[in-house]
Each structure stands twice: as C-alpha cells, then as structure tokens.
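Chemist: Each chain, written out:
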Amino acid sequence: MKAFTVLEGPAAPLLRPNINTDIIIRIERLRDFSGDKLGPYCFESWRYKRDGTEDPAFVLNKPPYREARIMLGGENFACGSSREAAVWALQAFGIRCVIAPSFGDIFYSNCFQNGVLPVVLPAKTVEALAAEVEATQGKGKIKIDLERCIVTSPSGKESSFTLDAMLREAMLKGADQIDLTRAREPQIAAFQDRDRQRFPWLYTAGTSSA
Amino acid sequence: MAGQTLFDKIWDRHVVSDMGDGYALLHVSRHLMHDGGSEAFKALKQRGLPVRNPDLTFATFDHVISTLPGRTAETNPALTQRLYSMRVDAKAAGVRLFDLGEPGQGIVHVIGPELGLTLPGTLLVCGDSHTCTHGGMGALAFGIGSSEVVHVLATQTIVQRRPGKMRATFEGKRPVGVTPKDMILHLIGVIGAAGGTGYAMEYAGSAIRDLDIEGRLTICNLSIELGAKCGMIAPDETTFAHLKDRLYAPKGDAWEAAVADWRTLPSDPDAVFDREVAIDVADIAPQITWGTSPEHVVGVDARIPDPMTVGDADRRTALQAALEYMGLEGGKPIAGTPVDWVFIGSCTNSRISDLRAAAAIAKGRQVASTVRAWVVPGSENVKRQAEAEGLDQVFKQAGFEWREPGCSMCLAMNNETVPPGQRSVSTSNRNFVGRQGPGARTHLASPPMAAAAALAGHIVDVRTL
Ligand code: SF4
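For the record, the sequence lines run as chains A and B. Going by this note's numbering, the first sequence opens with residue 1, and the numbers climb by one from there. Going by this note's numbering, the second sequence opens with residue 211, and the numbers climb by one from there.
Since the hints were derived computationally from the structure, they do not count as laboratory data. All residues carry an ideal CB built from backbone N, CA and C; glycine is no exception. Honestly, I wouldn't trust all of these hints.
[As the list claims (entries may be wrong)] Here are some, though not all, of the chain B residues that point toward chain A, as calculated from beta-carbon distances under 10 Å:
id	residue
1	Asn263
2	Pro279
3	Ser356
4	Gln366
5	Glu435
6	Ala464
Could you build all of it, start to finish, from the sequences and the hints given here?
Modeler: If you want it as structure tokens, here you go:
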C-alpha cells in the first residue's frame, strides 16, 4: 500500500448527504474493468447525461475540479454497498483524501486498505472549507498533513482532526494489514485451540458430509 | 458494573488480541463468499498464501448469475469465466461451494440461516454489506470489503474497532397489512439513513419477539441502510426451533450444549446502550419509498414531502434531485403513481414467508397489462418449497414470471435490469440512483405491497385491496 504523509491539491465539494457507493461506481463497471481503469466511471450517473456527454453543471466536470485530489463530502459519505471499487474509482480519478462529517462504515475501512485517507471533520468545518474553495472558483488548494493531523484551508486556516493511532501509523508507513496479522499467527492458533474446546459445535460444519 | 449486551458478549468471545484504541483482532467463526470471490482467491494466490481455515468458509453463486428459467453458468457469457474460476478456486482451496441447481445454492444471506451455517453467538462476515441480515439469528454479522475478504481467507481473523451500542425497541401490535419490512423502513424514516452510523444495533421489544425468524432477518437486513455496523436480535425459542435439524446445525449432545450456551447470550436487563429509540408498531402504515435513499419513505396513505418545506439547503437540494430523478412532484399523494415493473425477491424479502404473503395477494387476480412482474425465490430450497406448495402456479396464473434463485434485479449486474425511466416497486433494500439499472426508478416496499402494485398497475394501499 502507498504511504500517505502530506497531500496538497484542489478539492471538489460535493456536500450532499448520504452519497452511496452505487453512485460512486456502478456495479457493472466492476465486471468490465479493473480497479485502476475506473476513473472515467467515477460518479458516472451524475457526471454524464443520458446521451453520454458530460454534464457541465456537475462539479467534477468543471475545470479546476477535474484535477481534484481531495473530495469534500456530506454526512454518511459512501454509505451502502461494500464494494471496495468505490475507493478504487475515486483513486483512479485522482482523489487520495475525502473530508466529510461522517462516512459509511465499510467504505471507511476500505480506504485504509488502499492508502486513501478519510478525514472526519465537523459539518460546519467541511462547509467552511467548501465555501473557501468555491470563493476561489476551485483554485484554492487544501493541504492535509497526516503527521500533524492538520487540514489547512486555502486561506491558511488550520483544523486538527483525530485518527486512531493504529490507522494513522499504518497509513504513514503504507503497512500491509495481512502481514501485520500474520505476525500474530501464534495467538490465532492459541485462540482457535481454546475456542474449539469451548464451542466445539462451531467447528463441525465443514466436516459434515453435505 | 452494568450488564453486558448481546453484542458485547459475542464480541468479547471472539477477541484474539486487544490492539488498543478500541481495536481488536477478532476471530471469524463463519465466512461466506459469493460469486465476487474469485478475485480474493486470486489475490491470495499472488501472495502465495493458502486459505487458513477452508472448513469455516462457505460459498455460493448469487450476484452475477442469470435467474432466467433453465439458466446455466453460461447464460450470461460476460460472467461465465468468473463462475468457472470460482468453481476451480473453491475446489482447490477445499471450500464448500453451493453450485447452480443444487439445494443450498441461493442468495448468500438467505442460505446461511436456511442451512444452519449461521448460528447464534457466531461472528460471521461476508464481502457484502447486507451480511447484517444474519444478526436476525443472534449472530454478530457484518459486511467487509474485498481486501478484508483476502485478510479473512489468509488469517481467519478481522481487525475491527468496537462500535457504539444502540437499541431500537418496537412495542405494540402490528396492524393488519403491516410487515417486518414496514417496521424497518419506518424506523429508517424516523432516524434517517445515517441514524445508526457508528453503532451496533439491537432490535428488541414485544413486536420483535413476536416475529418469526424470516421476519427478523428482514429487519436486520436493512440495518446497513441505517448506517449501522450490524443489526442483531437476541436468540430465543423461535431461533432454536428454526435451527433444530438444519443441515449444518449441531446435532445430539452438541445441540444441547449449544442451546445451553445460546441461552446466555441475550442482553442483561441492566445493560446500557449509548443510544435508544422506541417505536410504536401500532402507528405504522404500509411503507413505500418515494426517493433515492431508503430514508425517503412514507406511509402509502401519505403525501410525497415537499422540498420547499425543508430548511437545510443541502438536504433540500438532495430532496429535489431525488424527486427529479424519480419523476415525482412534492406534495402529491404517493398512491396512484403508475408502475411498470414489480420485483419480488432479494435477500430482504425472498424467503418462503415472503412468497406466501405475496401469493396470498396475487391468488385469483391478474397482473395489470402495463406491468411486468417477477418473482425470484431467494434460494433453491425456497424455490422447491414454494413449488411444493403450488405458489409458483399461483404466481404464474396471475401473470407473474417465476424465476430461478439469485440476486437478479436487486443490483442489475446480471443483465436483469429495469429499463431507463421506468418505475419499479421492489421488495429489495436499495432505491439508489441506477441501482436497478441506469435511469431506473425504484420504490421499496413489502412483498404484499409489491404484489398489490403489480395487480393494480400503480402504487396502492394493500389494505384497500
Ligand atoms: S439480493 Fe441484493 S442486496 Fe442482497 S446480496 Fe444480492 S445484490 Fe446484495
């Protein structure tokens, strides 16, 4: 996984609440394309009109936001389906950080598996960031410093955010969770031995003749 | 010290190692896979790792398969390869795969409880957000992402942060025509699509205790549409009666030992929740969604909300966009809206009790000439049971199409879609933009409400039929 330390770039505001992962990437695109090819399909239902041409009114089609590296989202951002491709699509579009008041739970975990940083800030702060960005027609950049856990607005206003130490560590190092867990294999084996004693019926299904 | 909740008890018994900061490495007692799983096997192979506990993983085909009568793995050529590789990989790994046409195949969240794979007290995961369904059996069950699926295959564990605890208590007597689907849609309408974000949800109260297992599964199925990590219902005699003698349920002495353990799981009377909400079931009317989030829901006898009455600007914009997409006008009654498609199926409402309830409405009546209506049983076993009861005949005689088990039109990834601009009443769980196909307009409702809409040709209060 790619490490995340500091990121500075254009930020696209899309503050609607409850944006779901079906909107971020349509399911049939997962069938037809690999994760790194999903950029053109990111937010496709909103980005293109019925005839397939771009909708110029949609934020990601406006010039500075086409280069967005950061997305400013609304409450419950990326709720719904567990599809990890929602993260891949954002990533393929160029987004490496989403700032929102709250996130869909599975999306939040999926971000950390892929080196995309979800930052939780109060709704008022996200709105203020969006207002500043819009006041500069999208030219003002936002900076995220994960080392210090600080988001800096285009005008230089700093907001600190919190992130669980374990997740922050892993992001800064670009650590791989499977490797980390495999290092605990003796503990897993010991757990299973105890568990088999306590709840033997949990371990017989796979050996049934059915 | 306050007592423990159902959630606490199950969480605690799965902790392999406390990682600090509220995080834990948890053991996975059951891992279910669907036909999106071949990528995970591939990723595992690339790392040169074996499946750590193939006896604790079970797989089936549901999402990408066709549900056309007489379908095979080759019916959707674009997806055939995926099914082939899943067969090969599952076999090589020693994972039991329930294949097309055999009892056991079906929507992953239908077959777990049906086969007795889902047991009270288990920690169950699957790479699908509606894994919360299994909580209806008294399991701690939640959906995970595809990287996490690889993690589970490799280590039989998952890293999680302990969520907060929330309880929704349903009291009162359910009025005629009101189903478990209406109870949970109503709750989402009351607390919103983010109302459960950050929480493990427990459903309690007399109106929950009164439900059969299938109704409980329907309730828990929509937990993710509240943003909750999982939804759970305490196991009780209803749960045990459902499980007894199921294919994979423990037998003999093991059964007795298991039931004795399961009786200790319900939340202690003095357990404390971080958030509580109470619902009076007697107040609920049959529900129908009007917009593009499950929280956009009203009683079928109510009017579509008028965005102009909403203060918050972002919410108003979201509502306006939803109405525009749905081709509806705020302030108008929802009943009477013409319908083109009806879909009875999905992991929410495709079990035998759902099909019985829909068939009871359809019996001796005719689907409107302007409507195409599908019934897609949730599993091969549900299909066979329904056919044994003659429900397939009831549906066919009424003009419904009777199909093979799978996810079908719930997600539209299998060439089964509602055409652009057309309106569907669906018993599934997501009315998102494009969920049933690009431009498709979805209204979520219960099986009786969906059947009623098929007959009337428009959204109608099932109680007036
Ligand atoms: S029926 Fe629908 S919601 Fe359920 S698992 Fe299948 S696609 Fe997902």
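Chemist: Under the constraints set out in the numbered hints, which ones does this structure not fulfil?
Modeler: 2
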